[in-house]
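A.B. asks: Just so you know, the protein sequences line up as chains A and B, in that order.
Take the first sequence: its position 107, counted from the start at 1, is 107 in this note's numbering, and no numbers get skipped.
Take the second sequence: its position 39, counted from the start at 1, is 39 in this note's numbering, and no numbers get skipped.
Errors might be hidden in some of the hints.
Derived pair list, reagent style EDC-like, types lysine to aspartate or glutamate, alpha-carbon separation capped at 16 Å [claimed, not checked]:
1. A:49 to A:172
2. A:49 to A:88
3. A:123 to A:88
4. B:72 to A:144
5. A:123 to B:51
6. B:38 to B:51
7. A:123 to B:49
8. A:167 to B:4
9. A:114 to A:48
10. B:38 to B:49
11. A:30 to B:4
12. A:123 to B:4
13. B:52 to A:144
For the record, the hints were derived by calculation from the structure and aren't laboratory data.
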Amino acid sequence: MTREVSKLNPANMITASRFLTLPPFFWAVKNGHAQVAAAALIICGLFDKLDGRFAKWFNCRSAFGELFDAITDGICYGFCLAVVIYYDWAPRLPATLVIVMGLINTGLRYVYAKRAGRSTNYKSYAMERVVAYTAFLIAFAIADYERVYFYWIFVGIMFVVMLHDGKRMVIDAPPAGAAA
Amino acid sequence: MSSEYNFIAGNPLPWVVTVSTGLLGAIWAAYDARNLLKHRTADMGDPLERDKRFGYIMGIVIGLIGVFGVIKYHFM
């Protein structure tokens, strides 16, 4: 028997609260306060881990929650990347390529959801790891830490993962238990 | 970067990044190597199993890239 889960549950609230870290992040980068920017990024990353725990503790896992979490990841990390690019804290070309590939991946996920015929998130073990790398990518920009090395390698990694996931999402048949 | 809003004096961020990237990268690579070993007998005809395997391989690669980046920053 499937349990109806309200969209206004603790896990989704934690996910939504991640958006609150974006204005401080923007302000900190704009004004050159690297430590404040790092703190906002760390809080955003911790809440990303926490929402999954809350979903378990409060037994409020849902397909919407997983999709909302993935969209929030994209918006938060995409916004932070755009900010560090704009203020020249990150190498422009590879960082812009990362954002473009992120947008393409979002489009592929949308196609997958349409093909699966329901609001479902595409579960990708590789992309989960890439998303974690993205958080670090912003940290490398803030700390001025081997930016060129990490950004260009990330472009290669994300391209390979996107090709792999893209094939699964657009060409292969969706698995029977696609809705999480 | 100096700022009146610094929580910690000096420039601790490169060290925070060194510790978090080096440590997490190494743990991550080891964790996914263990996962990969555990799944070595899994049915590769199953798309989900193939997906997991690919994810674990990418996890190992990403972890090692992190560790190498830390070494590059400090020693190269």
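A.B. asks: Each hint needs a verdict: does it hold in this structure or not?
C.D. replies: Hint by hint, here is what the structure shows:
{"no.": "1", "hint": "A:49 to A:172", "result": "violated, 30 Å"}
{"no.": "2", "hint": "A:49 to A:88", "result": "violated, 29 Å"}
{"no.": "3", "hint": "A:123 to A:88", "result": "violated, 33 Å"}
{"no.": "4", "hint": "B:72 to A:144", "result": "holds, 13 Å"}
{"no.": "5", "hint": "A:123 to B:51", "result": "holds, 9 Å"}
{"no.": "6", "hint": "B:38 to B:51", "result": "holds, 14 Å"}
{"no.": "7", "hint": "A:123 to B:49", "result": "holds, 12 Å"}
{"no.": "8", "hint": "A:167 to B:4", "result": "violated, 49 Å"}
{"no.": "9", "hint": "A:114 to A:48", "result": "violated, 26 Å"}
{"no.": "10", "hint": "B:38 to B:49", "result": "holds, 12 Å"}
{"no.": "11", "hint": "A:30 to B:4", "result": "holds, 14 Å"}
{"no.": "12", "hint": "A:123 to B:4", "result": "violated, 43 Å"}
{"no.": "13", "hint": "B:52 to A:144", "result": "violated, 33 Å"}
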